[in-house]
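Colleague: Note that the protein sequences, when read in sequence, are chains X and W. Residue numbering for the first sequence follows this note's numbering, starting at 1 and increasing by one per position. Residue numbering for the second sequence follows this note's numbering, starting at 316 and increasing by one per position.
Because the hints were derived from the structure by calculation, they are not lab data. Note that the coordinates shown come from a computational prediction; the quantities given were computed from them, not determined experimentally. We put the CB at the ideal spot given by N, CA and C, even for glycine. Worth double-checking, as some hints may not be accurate.
Unchecked claim - Covered stretches of chain X (in silico footprint by chain W; criterion: 3 or more residues with CB under 8 Å from a CB of chain W, positions within the stretch not fixed): (1) 47-61; (2) 74-82; (3) 104-114; (4) 217-229.
Unchecked claim - Short, incomplete list of chain X residues facing chain W, as computed with Cβ under 10 Å: (5) Pro-67; (6) Gly-252; (7) Asp-260.
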Amino acid sequence: MAAVGAGAIVGTAGCSSTNDGGSGDGTGGNGTDGGNSAESVGVAGETLTLTTTTSTYDTGLLDAIHPDFEEMYGVTVDAVAQGTGAALETARNGDSDIVMVHARGLEDEFMRNGYGINRRDLMFNDFVIVGPESDPAGIGGTGSATEALTTIAEAEATFVSRGDNSGTHTKELNLWDAAGTDPGGDWYQETGTGMGEALNIANQQGAYTLSDRGTYISQRSEIDLTILVQGPIEGGPEILANPYGVMAVNPGVHENANYDLAMAYIGWITSPGVQEAIAEYQVNGEQLFFPEAVSEDPDFQQYVPEGWSSDDSDA
Amino acid sequence: MPLEPVAQLAPALLDSGAGPAASLLGASFREGYVGSIIAVSLYVSLTAVALSTLVSVPAAVAIGLAEFPGKGFVKSVVNTGMGFPSVVVGLVVLFAVSNQGPLGSLELIFTREAMIMSQFVLATPPITAISLAAVSGVDDGVRDAARVLGGTRIDVALVVIKEAKYGIATAVLAGFGRAVSEVGSVLIVGGNITSADGISKTRTLTTAIQLEARQGRYETAMVLGAVLVALVLTVNAIVVRFGDRGVA
Chain X
1 MAAVGAGAIV GTAGCSSTND GGSGDGTGGN GTDGGNSAES VGVAGETLTL
51 TTTTSTYDTG LLDAIHPDFE EMYGVTVDAV AQGTGAALET ARNGDSDIVM
101 VHARGLEDEF MRNGYGINRR DLMFNDFVIV GPESDPAGIG GTGSATEALT
151 TIAEAEATFV SRGDNSGTHT KELNLWDAAG TDPGGDWYQE TGTGMGEALN
201 IANQQGAYTL SDRGTYISQR SEIDLTILVQ GPIEGGPEIL ANPYGVMAVN
251 PGVHENANYD LAMAYIGWIT SPGVQEAIAE YQVNGEQLFF PEAVSEDPDF
301 QQYVPEGWSS DDSDA
Chain W
316 MPLEPVAQLA PALLDSGAGP AASLLGASFR EGYVGSIIAV SLYVSLTAVA
366 LSTLVSVPAA VAIGLAEFPG KGFVKSVVNT GMGFPSVVVG LVVLFAVSNQ
416 GPLGSLELIF TREAMIMSQF VLATPPITAI SLAAVSGVDD GVRDAARVLG
466 GTRIDVALVV IKEAKYGIAT AVLAGFGRAV SEVGSVLIVG GNITSADGIS
516 KTRTLTTAIQ LEARQGRYET AMVLGAVLVA LVLTVNAIVV RFGDRGVA
């Protein structure tokens, strides 16, 4: 019995080729009919490895829009859901072709170190501060995120932190920084988990936490937490904005990165048709992501590290 | 019986036979999703365990039958291997198969082959250690009789394996249990990938459970856990049966 297994490991590298895979409900026909026939495209059959965040993956957005791209180019997209920090690290090691993340500071560092190129603003949603209905620290109605955090810290009300170097964790640390508070003590709990788990832990402990709106909405029916401080989408402070960016891995650093396909993906996902599909994607009847790639006005800052100018010494 | 077809057949049988569990899963998942993760789980773990067995059993017999200085030390090294944390094994395999690592040019990262590698590393120590215990437990008289009857070293080894077959079967099952139930290393080196239409590429039952739990869907996570237990139970039953009917 054992002897047979040895042969099986070889020759099964290709995964079940299902190019005809049903999913006829893709975002379909977005205007341009160039390159519809997969045979004519040189990338057909290739695989694009995309490392991304748990928030884009767990909300189901990528599974909803990717069939369109896969059909158009005859390729497969392997989406690996990690935190923003891990997604960038995987790309840094040359193990992915493209990253879609949401922590501008980390993205900028990634670009400055030469790993990422051709960054585009993709879409945004926002962060919200959620907590139990009883709101023991009394932050409900606070218009300022930093003030709310300071109040939680002063009341020593339990706060659940992602603690996993994700985009949301990075945002949370920036908020504490901006609030001038150094969180610590029994009330501040670093969980080292994904957003969904962190929401569950906060739910069970009657604790506060910072969540992206998308994950909160997709999980709201299972938990008793309520939004206490709104993000900018619902008129809250701009500091809670949650912009997503997409970047190709620099083929000059990692020559085996699938740069052609990565750029095709960036072109596709920032196209008007797909941006519209992102806007139309709903969970529980609510829009989760707001496209921002298509604009009449130029936005040069999306291509370079924030605040970069050609006078910079590290240009 | 090549493994891949078996791995693809098994979930179909399971899906039709699982009754309420299957219909509950069908309600929460897309068609083919659960079947495909079961197939990947079986394919990866069975292949890893088969390869481990090929290495471990001869190694255990060789160590068990030989007398050499440092034998006790070798045994403790093997026993220590049973305690390797799967996450650490995953990290080591990641470093090996990553683009920057020694096997980088093979492009194994985020593939089932990389997952097989890490489960191979995880399954080999328990299979070796338990087989070694079984081989050591074979009565010296059996060995001597085989030798006296003019058996070559291979003959003696085969006789010993035959005598220790229940222990070796237990060893293989322990290795399979370790491989199919670990989540740390397959998550790191496999990436928990499905295609957009919900067919698993490198998602196993364990990483699917982890994904469900991450999103707070504890019920579906529990159901997948029950599927995993059923799967292990089935494999155990098959092996035990196979052992009883075996060429005794």
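Colleague: Could you work out which earlier hints the structure fails to respect and list their numbers in ascending sequence?
Modeller: Violated hints: 3, 6 and 7; rest satisfied.
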